[in-house]
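Residue numbers (the numbering used here), protein chains in the order written: chain G, 1 to 313; chain A, 1 to 463; chain X, 1 to 329.
There could be a bad hint or two in this list.
[What the hints assert, rightly or not] Heads up, simulated SDA-like pairs for lysine to any residue below, C-alpha to C-alpha not over 20 Å straight-line: (1) Lys13/X <-> Ala47/G; (2) Lys275/A <-> Asp205/A; (3) Lys157/A <-> Val179/A; (4) Lys219/X <-> Ala47/G; (5) Lys200/G <-> Val319/X; (6) Lys13/X <-> Asp258/G; (7) Lys223/G <-> Trp135/G; (8) Lys200/G <-> Arg320/X; (9) Lys200/G <-> Ala215/G; (10) Lys200/G <-> Leu99/G; (11) Lys157/A <-> Ala138/A; (12) Lys157/A <-> Val252/A; (13) Lys200/G <-> Pro162/X; (14) Lys13/X <-> Phe222/G; (15) Lys200/G <-> Ala30/X; (16) Lys219/X <-> Ser48/G; (17) Lys275/A <-> Gln186/X; (18) Lys13/X <-> Trp135/G; (19) Lys13/X <-> Leu99/G; (20) Lys200/G <-> Asp258/G; (21) Lys223/G <-> Asp36/X; (22) Lys200/G <-> Phe222/G; (23) Lys223/G <-> Ala30/X; (24) Lys200/G <-> Val230/G; (25) Lys275/A <-> Arg130/X; (26) Lys275/A <-> Gln448/A; (27) Lys223/G <-> Lys13/X; (28) Lys200/G <-> Arg323/X; (29) Lys223/G <-> Met28/X; (30) Lys13/X <-> Ala215/G; (31) Lys13/X <-> Ala30/X; (32) Lys13/X <-> Val230/G.
Hint data in this document are derived by calculation from the structure and do not stem from the laboratory.
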Amino acid sequence: MTASDVSQRTVTNATGKIDAPVQGSWRSRRRQRRAEAAAERLSKPAASTIAIIIAVLWSVPTLGLFVTSFRTVDDIQGSGWWTAVTNPLFSPFNYRAALVDSDLASNFINSFAITLPAVLIPITLALLAAYAFAWIPFRGRNTLFVAVFALQIVPIQVTLVPLLNLYVGAGVAGSFWTVWLSHSMFALPLAIFLLHNFMKDVPPSLVEAARMDGAGHVTIFFKVLLPLLVPAIAAFGVFQFLWVWNDLLVALTFASNDATPLTAAVADLAGTRGNAWYLLSAGAFLTMLVPLVVFIGLQRFFVRGLLAGSVKG
Amino acid sequence: MSPRTRKRSTTAVAGGLGLIVALAGCASQEEAGVATSENTAGAEIASSEIDCEQFEQFGDIAGSEVEVYTTIVDPESQSFIDAFGPFTECTDVEINYNGSRQFEAQLPVRVEGGNAPDIAFLPQPGLLERMVATGQVAEPAQAVVDNVDEFWSEDWKSYGTVDGTFYAPPLGANVKSFVWYSPTAFAEAGYEVPETWDEMLALSDQIVADHPESKPWCAGIGSGEATGWPATDFLEDVVLHQQGPDVYDQWVAHEIPFDDPAIAESLATAGGILKNPDYVNGGLGDVRSIASTEFQDAGLPILDGNCWMHRQASFYQANWPAGTDVSEEGDVFAFPTPVIDEGVGSAIVGGGEFVAAFNDEPATQAVQYWLSTGDWANLKAQASQPGWFSANLELDASNLQSPIDQLAVEQLQDPESTFRFDASDLMPAQVGSDAEWQQLTDWIASDQPDDVTLANIEAAWPQ
Amino acid sequence: MDWFLDAETTAHKLALMVLAIALFALVMGAILFAVDKPKRVPQWVVVLGFLGPPVLLLLVGLVYPALRTLVGSFQGRDGEDFVGVDNYAAVFTNPELLLVLRNTVLWVVLVPLVATLFGLVYAYLVDRTRFENLAKALVFLPMAISGVAAGIIWKFVYEYRPDQAGINQIGLLNQLLVWVGLEPRQFLLNQPQNTFFIIAVMIWINAGFAMTVLSASIKAIPDDITEAARLDGVSGIGMFRYVTVPSIRPALVVVLTTVAISTLKVFDIVYTMTGGQFGTSVIANEFYSQTFRQGNEGLGAALAVLLFVLVVPIIAYNVRQLRLSEEIR
């Protein structure tokens, strides 16, 4: 939860505040700067080298896991993963054992079934709330907004037992519904805050113009604001996705056996198989696979979303 | 809280595992078994093997449904489901088997919310006590009590009893008083299995002299958040063997303080092995490495000759790599913790789970009855993976899947042998699942003196 | 009813998922349709339509549990008897809990500072270099990794094996020590350094995040500012010190505070690496242990409230910033 937790929050705040030093004519200069940058790029070989060395060092622990996941049980216990570099003996056995024998494939489906609604629902709700906070004047609006923002201080751990009580009372404990609902609740304060800042960035003249044309709130929301917010939604979507996919806490507390996602299943492998590092390393890499693909695939949107929020004009 | 189940359900790797361990409760009570999912097929169990008339005493229960709520999930759950087959064929009572990793968190919530299951398998007596305190645990039918009186020892019945009232018949069991060793390595070196603690220490010295490249003992008490529990098992084992069952019971009941001289003597005895740099930690490092070695990994150096003996429970058999021959002449096997005091003789520290009923419907009682029979124990044994056994005296050891299980059952059924339930499971949680783990970890990791260690644990005892 | 609660097959799960999304869309659609009559529907109905569902969820999911916890912090271990401030007193007097407080302070100071500093220097270093995107992606990568996976990954860095014939190191760091002729070390066991080795993992995860945000804001520095500085003869370190850092100061503050908040709440890294043993526990971890392992709900709740209290100034600061930017607008 830590990693994505941080990131979600920072995106939020970042978009709220990075704007200070940035002024209007930014976009027009951009093209020019690109050209200069291209020239400069070649002139910084030392910086490039250091940057790459650090990046490689940063990746070594992950590489270690990747290599380990292809090694045999005895090799993992008996020698360091780096010895595999000189003496490669790779086999997909661990992955087969993890996916087929330990049935992580079905947990993969669960992770998917949990993640999609748990990303869509809070984003939709947060968009609506953010719209209300940004464009519908009502009494106590600021107070309510600050209260919602401040709810970030509630540590998730605190909520688990009371929520579990509620779910059991309602007779829905253990189902996918409780997992979707819980993720949605926990995501809302951040999502509302972040999306509110993006909403605020939209020039009021656009909204006013639409209002003059007689458009209602729903029309303004869908026709005017939503198209402008796509990068922001993508940026938040990536983080919410990472958060839900990597979550262990909510899953362990609320998901029953049939709904257990990948993270919990891998953690459970650790619990039940003890020293089965061969399964763990393969399982851990499987859990990382989808977030990595999603992140690398959507990185462009994500950075654009950050930038869009930080250079509002 | 259930330290015992937690012991098996936690490792240091299990990131963010707080919940598996704690809130979500025990991941699985019975995963002691060699859990390979490819061979979960239970034995075919035919109803012809059992006498259907025994259920007539419960009247017309056909068509009813009974929910059995447990910590035991797939794949270990299959043999439980299979073992209900003959019962359902006889009675036409449908069993709704519900295994959940969140058992320990959800059971109290369900019970307090008025949504209790019909039957629950409780992993330790402390939880039974908590459930009885809610007032919702039903007393079993007389037939169940008769079964328990007949098939279990007095000790076992007492662990299912709260304040003098018997509530829950025992189900499965495990035995902690084992020392793992390699029979082939012993035979090669000409060593005999020691019969007494002194012989065991003499053997250790012998190994130090004969094999300077290895150490006689290996140990590991790492278990994530539950780090330290294997050390409490070690201490309990020594206390029972050295001070006898009476002192052990007083110790559990806090009639003597935790830092009583008797306990101090036993901690010193345990330290004679665990904190002796000549004896530990074969293939794993120095004394302090015990604290950071995962308990699952701790016995493995026996296989490559770096270590000779490892004290750990029967369920450790699940941790030997696939293909290891676990038998009396094989790669690894275990001998019972040797006698320390002749007056005490052989003794066993162990654990197990209990069957609580939350109503007195005839069908519920019939299920509870069925689980207390020898028929059930034997059918379950045949259907199970290695690692499952019961203290039911009717259980025929030949039905068990592994030699170590058979040895454990022989121990449990030996009338000469004293049995005591794992002390830390019976002590208050802040002692048995916290202070004792923590302090014994410091005892090893920071070389904290014996007296300080015991005094700190004593100080944690609730007033 | 069972169909909705117990999905066992893949098709069933996916069908349930689609149904849930459709149901949600339907309900929200109905609400929006109902309030989309600006002339006839009073304002408060519109607000209710937009804000009702999320606020309801927040009340149930966060506010109610938080209040329960606050009350619980003044109660005994089983959450029944009123014990006043005993739980808080325990936190500040018990030596083990004081160690937990000390560790928490170390975490909350070191992680944001080091991660942000690293992220800043790195973002400046890679800015407009040849492999910028690749280098940034590699550093950001740990952000995509769950706590479970991170724990397993670092196991193969810190793992200790004795320096003995026939035994190979399987932890990278100890192998490096052995290669240069030193004794292998128990990285996670030796106090007090072990806390720093665990903090390193959190920095490993968060540096990429700081780097991404700061990189975005460095790129957003208007060119006229850098040009003007360059004309004045500022370059290299001077540019970094006098132009870059002051220009992105708001972003720096944001990154620092947000990393600090998440560091306060972090628990799974400590849990994974040592289980809070060997003097490495932090508040979030201790809350867990007290509440769930030791059944001491009162003390656990007090620790959680302490967590709230520690985060409050940071949130308050952010709220103030928020207000300020509203006024500017």
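Okay, the hints, checked on the actual structure:
1. Lys13/X <-> Ala47/G: violated (50 Å)
2. Lys275/A <-> Asp205/A: The hint holds at about 14 Å.
3. Lys157/A <-> Val179/A: violated (27 Å)
4. Lys219/X <-> Ala47/G: holds (17 Å)
5. Lys200/G <-> Val319/X: It holds: about 16 Å lies between the C-alpha atoms, which stays within 20 Å.
6. Lys13/X <-> Asp258/G: holds (9 Å)
7. Lys223/G <-> Trp135/G: The hint holds at about 14 Å.
8. Lys200/G <-> Arg320/X: At roughly 17 Å apart (the allowed maximum being 20 Å), Arg320/X and Lys200/G satisfy the hint.
9. Lys200/G <-> Ala215/G: holds (19 Å)
10. Lys200/G <-> Leu99/G: violated (46 Å)
11. Lys157/A <-> Ala138/A: Given pair Lys157/A, Ala138/A holds - Cα atoms ~16 Å apart, limit 20 Å.
12. Lys157/A <-> Val252/A: holds (17 Å)
13. Lys200/G <-> Pro162/X: Given that 20 Å is the threshold and the Cα spacing comes to 60 Å, the pair is violated.
14. Lys13/X <-> Phe222/G: Violated: Lys13/X and Phe222/G sit about 30 Å apart, past 20 Å.
15. Lys200/G <-> Ala30/X: Violated: Lys200/G and Ala30/X sit about 26 Å apart, past 20 Å.
16. Lys219/X <-> Ser48/G: holds (17 Å)
17. Lys275/A <-> Gln186/X: holds (17 Å)
18. Lys13/X <-> Trp135/G: Not OK: Lys13/X and Trp135/G at ~38 Å, beyond 20 Å, violated.
19. Lys13/X <-> Leu99/G: With Cα atoms ~18 Å apart, Lys13/X and Leu99/G stay inside 20 Å; holds.
20. Lys200/G <-> Asp258/G: Measuring from Cα to Cα gives roughly 42 Å; hence the hint is violated.
21. Lys223/G <-> Asp36/X: holds (13 Å)
22. Lys200/G <-> Phe222/G: holds (15 Å)
23. Lys223/G <-> Ala30/X: holds (18 Å)
24. Lys200/G <-> Val230/G: holds (14 Å)
25. Lys275/A <-> Arg130/X: violated (57 Å)
26. Lys275/A <-> Gln448/A: Roughly 11 Å separates the two Cα atoms, so the pair holds.
27. Lys223/G <-> Lys13/X: At roughly 34 Å apart (the allowed maximum being 20 Å), Lys13/X and Lys223/G break the hint.
28. Lys200/G <-> Arg323/X: Satisfied, since the Cα-Cα distance of roughly 13 Å is no more than 20 Å.
29. Lys223/G <-> Met28/X: Given pair Lys223/G, Met28/X holds - Cα atoms ~17 Å apart, limit 20 Å.
30. Lys13/X <-> Ala215/G: Distance of about 40 Å is beyond 20 Å: violated.
31. Lys13/X <-> Ala30/X: Answer violated: Lys13/X to Ala30/X is near 25 Å, above 20 Å.
32. Lys13/X <-> Val230/G: violated (29 Å)
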